[in-house]
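Visitor: Line by line, the protein sequences are chains H, W, B and E. Counting the first sequence from 1 gives a position; the numbering used here is that position plus 4. Counting the second sequence from 1 gives a position; the numbering used here is that position plus 4. Numbering-wise, the numbering used here puts 193 at position 205 of the third sequence, and it's gapless, one number per residue. Numbering-wise, the numbering used here puts 201 at position 213 of the fourth sequence, and it's gapless, one number per residue.
Don't read these hints as lab results, they were simulated from the structure. Keep in mind that a hint or two might mislead.
As the list claims (entries may be wrong) - In silico BS3-like cross-links for lysine-lysine, where the CA-CA straight-line distance does not exceed 27 Å:
#, chain 1, residue 1, chain 2, residue 2
1, B, Lys196, H, Lys324
2, H, Lys65, W, Lys445
3, H, Lys37, B, Lys387
A quick note: this is a predicted structure, and the numbers were derived from the prediction, not measured.
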Amino acid sequence: MRYLPLTDGDRRQMMEVIGCDTIDDLFKDVPEKATPKSPINLPGHSSEMEVESAFNAMAMKNLTTSCAPSFLGAGAYRHHVPAAVDHLIQRSEFLTAYTPYQPEISQGTLQYLFEFQTQVAMITGMEAANASMYDGATSCSEAVLMAGRVTRRDKTIVSGGLHPHYRDVTATASRFLGKEVLLTDPDHNGKEDLTGLVDGDTSSVVVQYPDFFGRIRDLTPLAKACHEAGALLVVAVCEPVSLGLIKPPGGMGADIVAAEGQSLGNPLSYGGPTVGLMATLNKFLRQMPGRLVGESLDTDGKRGYVLTLSTREQHIRRDKATSNICTNSGLCALAFTIHLSLLGEEGFAKLARLNHAKAVELASRLLAIDGVEMLNETFFNEFTVRLNRPAEQVVEDLAGKGILGGVPVSRLYPQSDDLDRLLLVAATETVSQSDMEALTKGLEEALS
Amino acid sequence: MRYLPLTDGDRRQMMEVIGCDTIDDLFKDVPEKATPKSPINLPGHSSEMEVESAFNAMAMKNLTTSCAPSFLGAGAYRHHVPAAVDHLIQRSEFLTAYTPYQPEISQGTLQYLFEFQTQVAMITGMEAANASMYDGATSCSEAVLMAGRVTRRDKTIVSGGLHPHYRDVTATASRFLGKEVLLTDPDHNGKEDLTGLVDGDTSSVVVQYPDFFGRIRDLTPLAKACHEAGALLVVAVCEPVSLGLIKPPGGMGADIVAAEGQSLGNPLSYGGPTVGLMATLNKFLRQMPGRLVGESLDTDGKRGYVLTLSTREQHIRRDKATSNICTNSGLCALAFTIHLSLLGEEGFAKLARLNHAKAVELASRLLAIDGVEMLNETFFNEFTVRLNRPAEQVVEDLAGKGILGGVPVSRLYPQSDDLDRLLLVAATETVSQSDMEALTKGLEEALS
Amino acid sequence: MSEATITGNRGLQLEEPLIFEQDNPGAAGVDLGDVDTAETRLGGLERSHPIGLPSLSEPQVVRHYLRLSQKNYSIDSGFYPLGSCTMKHNPRLNEKMARLPGFAGLHPLQPISTVQGALEVIDKCAGWLRELTGMEAIAMSPAAGAHGELTALMCIRSALEDRGDARQRILVPESAHGTNPASAHFCGYGVDSIPADNRGRVDLAAMKEKLDTDVAAIMLTNPNTCGLFENDVLEIADAIHEAGAFFYCDGANFNAIVGRVRPGDMGIDAMHLNLHKTFSTPHGGGGPGSGPVVLSADLAPYAPLPFVVHGPDGFTLVEHAAGGGAKPFGRVKGFHGQFGVFVRALAYMMSMGADGMRQVAEDAVLNANYLLACLKDSLSLCFEGPCMHEVLFDDGFLKDTGVTTLDFAKAMIDEGFHPMTMYFPLVVHGA
Amino acid sequence: MSEATITGNRGLQLEEPLIFEQDNPGAAGVDLGDVDTAETRLGGLERSHPIGLPSLSEPQVVRHYLRLSQKNYSIDSGFYPLGSCTMKHNPRLNEKMARLPGFAGLHPLQPISTVQGALEVIDKCAGWLRELTGMEAIAMSPAAGAHGELTALMCIRSALEDRGDARQRILVPESAHGTNPASAHFCGYGVDSIPADNRGRVDLAAMKEKLDTDVAAIMLTNPNTCGLFENDVLEIADAIHEAGAFFYCDGANFNAIVGRVRPGDMGIDAMHLNLHKTFSTPHGGGGPGSGPVVLSADLAPYAPLPFVVHGPDGFTLVEHAAGGGAKPFGRVKGFHGQFGVFVRALAYMMSMGADGMRQVAEDAVLNANYLLACLKDSLSLCFEGPCMHEVLFDDGFLKDTGVTTLDFAKAMIDEGFHPMTMYFPLVVHGA
Ligand SMILES: Cc1ncc(COP(=O)(O)O)c(C=O)c1O
Ligand SMILES: Cc1ncc(COP(=O)(O)O)c(C=O)c1O
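Take the sequences, apply the hints, and build the full model.
Guide: Here is the structure:
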């Protein structure tokens, strides 16, 4: 078997050195009763060629955004990732490295994580960031718990403009810890005002920016209300590319930013793996979950990078740790960092402008269609439209024509009559003129 | 522009240091008359995304063997290449390295070339091999010139079983040097006997093994005839995988083996780049073209690898060199070596057996079809059949059904009525049962 | 060799400053045309200050990250004699499969009719894992081992609460990985530590002493972090179940028994699997991972959303509480889990097959015991063998030598090895 | 840092024996089932002895070649201050494009109807190269620069012979790359060396002296290997043509003038291009390359087979002497040239565009002149500037220091640079 270096000869020789007759001798601690009676019912080993053709066959059953006009967003965005990114992250020394516990032989990982943290802090407008979380939703949930530790309060107010998955993950995690979570109604009309709800028991308020329905709102008033009440403002960002064009949450008073990093450097990959970003202010650093890389000097005075403030973490503090997280999203963080490094200051801004321009153009095209009504006054690269038919059916019709036409809000909020004609439509730089024409034509047909 | 590190600011600053006002000052040696009057008529620069979609569009216009049942051979063979091969050859330190003239920082390249040479010598059954040629055809042509240097004779006899491209390349190169080349007729009937043609003026005899039509012949008698006449036997091998199963040319008296290495490690890539192999006996080494890596010791007594016997080469000997070759096929040689290393002794033999078994099965299937007649008594993974219609039309019919059904001999020998119903059919390990069924069905339809 | 150079480089060992120190405003690693932004819909919230991101051309960025990579050790470089974290070969085939456009290009919210192949991958991967563990159900969405632990405990808590049983404590052996007590805490439980006996196993008597109706579960690692099989596992399971509690197993060390021993045969109710350990997906310098949780029939109904079901018209993805027998406790992650990691793990399992997976366990255990045999006279063995996936030594052999465990680790680095795990488990001296 | 270790390793610097020394019979890096070979058609020629190839598992092979790679310097590691060999950024986009299944999976003898996209690539690539050089025709099949030189000379010889002109000599400047005289020899010509003048250019008078009706061509490198533009190029062209000979240009240094100066405007009849230099395809540690030859109208008919033509029904590949105006002299390579390299070069040209290609030349020349300005007081400049793509120093500055050029090169290695070109061109002291 190609992945196993030992041969039968090796095995015999090693058993001789060990002084055992059969391999079973080494498993003698396994109780008889726990040894399976029947053999495992799975096929035997396969050649690379066989495995490859099985996967090719499965992959061919999918309609991929790589080939189809695609307008899907709602927390996951298709962007063009430069070829250099994927090449570099596949280098063995990155891909197959262990967690950088041994700094002498992990400076590569440690330095890129340090760069990642710095970039995340920069684009969010915050003071510090950690070395990554699993994804945006878990980052959001951890941010709420972190706010609880900072404020020593138990109540969280969750905006109706927050991604439903983020809402669920946050509410679930808090519930098991006995924390109160106030989930406000879906805010598709953009009328939500949470300032009035913040009170002296409130630990944090969680909003998304741009929100789930695509709106961009000034968070300064809400931040002010939070801070006056001694609460923290947690801002979730699902589309980090937006931060190339709009004000960073940090500039509007956010205390913790919990973001999804997939858009930069990472393929959609059916939703995972991606990378969660978390950034905050220095004063809250000791309550932050996850790994943190810091700069240090070695005994020769040479600069180096090390895991720092580890006393927050599970491997030191066990049940007193700020989180149970261990393995996080190192390699996806690297992809994020390389992509952002390739973009640079100007490229990042241009990419964001390009996304916005595509969405503006798409919006004006769609609004010309009978049966389409725009819900948003503001948006970045995604907006919500109300159709004259249930959005889920329309999307199925479009899929039948090879068009991935958007995300029906009902996919995420299924039991609401209010929402079932709403469609989330996103346009990134990957959307071409002919893609837009295909969607416009497809929608015209589907809605008439 | 993304590939250029200099900015306009850099350029201005540098010009100041140089002391020039405009970039044109640096081109002042270019005569006015040689400066183009009109701008170059080509598009401006493009983003990665734009270039990618242009290439995707062109790639989609091809019917690729990756998706279609394919039975094409005739000097280029589709084999399954393990994913590790392509990953490793893409490592920057291999892919983007310069020619290993500086051994201190090129040990990676030098050691793999040394391993490559050793493997090539092993599978061909020869004593030594060089660090690669462009491809099989040029290797063959160089082998003939090398034989001329060894024997100091001018006449070459080229078998009618040699690949037509090898024949053309060899004849062309020899012609410009005023050497005599005797090209015998296409040997589709397998009746050729060259022993009688070898005489005291003969420098070398060139045969292919297995030959162009797929036949495997014992070369011992021919080698004997050559050696008795003081000539060398040059053996061309187009399908190196065959050497896992059949006697090596070295074992039958070959003096020089000139082979195509594409089958191991390298994609078809529409015929190039591939890698030419050249192996010979130690006594002829100083007449061999191309680079040669040898083992050496450094001043600390540590083993290292260096380019050796360079006095054969153009950069030292200029017009007295054994060849004009400089850049050769380093990276394709690496792919060859890694693939062969993964196969190992047993894997290489198994792969060869698997190829043969597929071809045997395919032959028996095809012979059951009316209108198909087998020409070969022996073959490895490729054989020749005579159809009841011109093979080129049949292949077109099959292509219309998405089947790449073989190579019509007339594609390579166009002006011969004798040959126009002959089809070369190859079956490698990549051919599945359903591929064979598709071909069988397609042929039945095309021939009835 | 030891004199300093002017650049700080030394042959192939190249210094590399931070990317921020290489900023060259005006350079760019991408080409994006100028954009017409006459019309904007940003509500006046345009960014007003530059971010300060460094600007570099593509070759500069490539060189930067290439040079950083060269400062790392990796599994492709050499041997990691680590305990607990199974570092194994990461096949390139897996990477290639995960990058097929039909997988990498899938959006998580495409219509279900357009992702049947993806759901098939999830279902197949789940099926292999269930069969290998002999367990009833599986929750695929946890993102890593610790996340799987938490998910498993949430299932347990939900099951207990569903029967009105508000237990408050979890038993965790001293030698457990730090994530175990941390996960217990984040599921709202108190942690009760149980000691090891002098054989390096859970002290059965001590455990039974702590076992009462307030105990929700035990979190046992088996094989444990001392590298030993908990041979009292069945007694432990019985005692736990008798007390009305659940038996959770930390499956990080599953590599030592995969294909030979099934958690389902040991009375285990829940166990997480680290696909980035036993199932060959790359560690990536710290992720991404994937931590599916296998569940017993009792816990199965509480598994979190989403999950794949196979109906007459193909696969469906259940994303919302649906009634029926299912009582999902909620959601632990955005979208549907680490799909790209599933592709890799499935490619590995299919490559190895049932026979290969079993051989994996046997070879791992053989290797560890071989090291035990070779080293037991030079180092100080903690517990008698046979061991499982790892062998534990303490620093006794260094006593009075002036050499510390850390010195020893540094010497291993000099010799081209990643050092052994040192800070852990806490039950031995020198950790 | 300088003590020896037991393994010979030192941290991340790992020793690596030959693969043959790691043979482990029974191991294998591939899984191929057993094969039924009851029936064989081998004519009794089965191999009777083992080959002796080493057997290793996949992880062992991966580790071996990874470790070897770590012993290499590369363009992605750092700067190559080489003359003559243009080492430039090798974009990853090119690699990705060359690996599209629609290109990498194409067999060279598929029916023409099934490879229209491939022929389009060849045609597009040829079109860009013709336009950039301002030349009439192009032969795409040569596999590298030297191969292109030979091909060009074969065209020249064919044209001369076609008019019954059996000239026997080629003029080659002293400073020419070794492949030039070697190619001349392998085209059956004698080589006549022409000296450089004290400005580092071809000595025009000396050249004219050697020019007679026996001269078939001159092989001029421009910019030349001293890094200088041959400013007498038009006089040279005129003299050559007047003598009835052809003007061949070695285009290895085209990078310095691409997009700014066209060989077609300099009276050149034939020039090879190294796609693995000016056009960004990887050097690969010594290949594969690609050396297309651009040709004037006079030489175009003699271009070797095959070539692509564009007809009403799409593209056709001419593989056999077809009559009409074409008088191909034969074939220089199997199949149709280095297709995979064409894909890369075209991706590069499209990425850079006409504006980018011109900027490439300007930046290269600017860089070299900047180095000239910065170093001229420390090293000994051979010729006054401005230089083109490279600047040439001799070893005068080392005189009486006891330091040799080789020492200097080794110091550069220590500092993390590939050394400059040293053995070449032969016209300066210290080479
Ligand atoms: C025994 C044990 N349990 C749990 C974990 C946590 O797994 P993860 O890092 O995937 O969260 C680890 C690995 O780090 C481990 O070794
Ligand atoms: C000036 C010059 N001419 C010709 C060549 C030969 O090119 P190649 O190595 O591609 O055969 C080279 C490069 O090596 C060169 O520098």
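Visitor: Each hint needs a verdict: does it hold in this structure or not?
Guide: How the hints compare with the structure:
1. With a C-alpha separation of about 25 Å, the suggested pairing of lysine 196 of chain B with lysine 324 of chain H holds against the 27 Å cut-off.
2. Taking the CA atoms of lysine 65 of chain H and lysine 445 of chain W, the gap is near 26 Å; set against the 27 Å cutoff, the hint holds.
3. Restraint check: the Cα-Cα separation between lysine 37 of chain H and lysine 387 of chain B comes to about 42 Å, which exceeds 27 Å; the hinted pair is violated.
Of the numbered hints stated above, the single one contradicted by the structure is hint 3.
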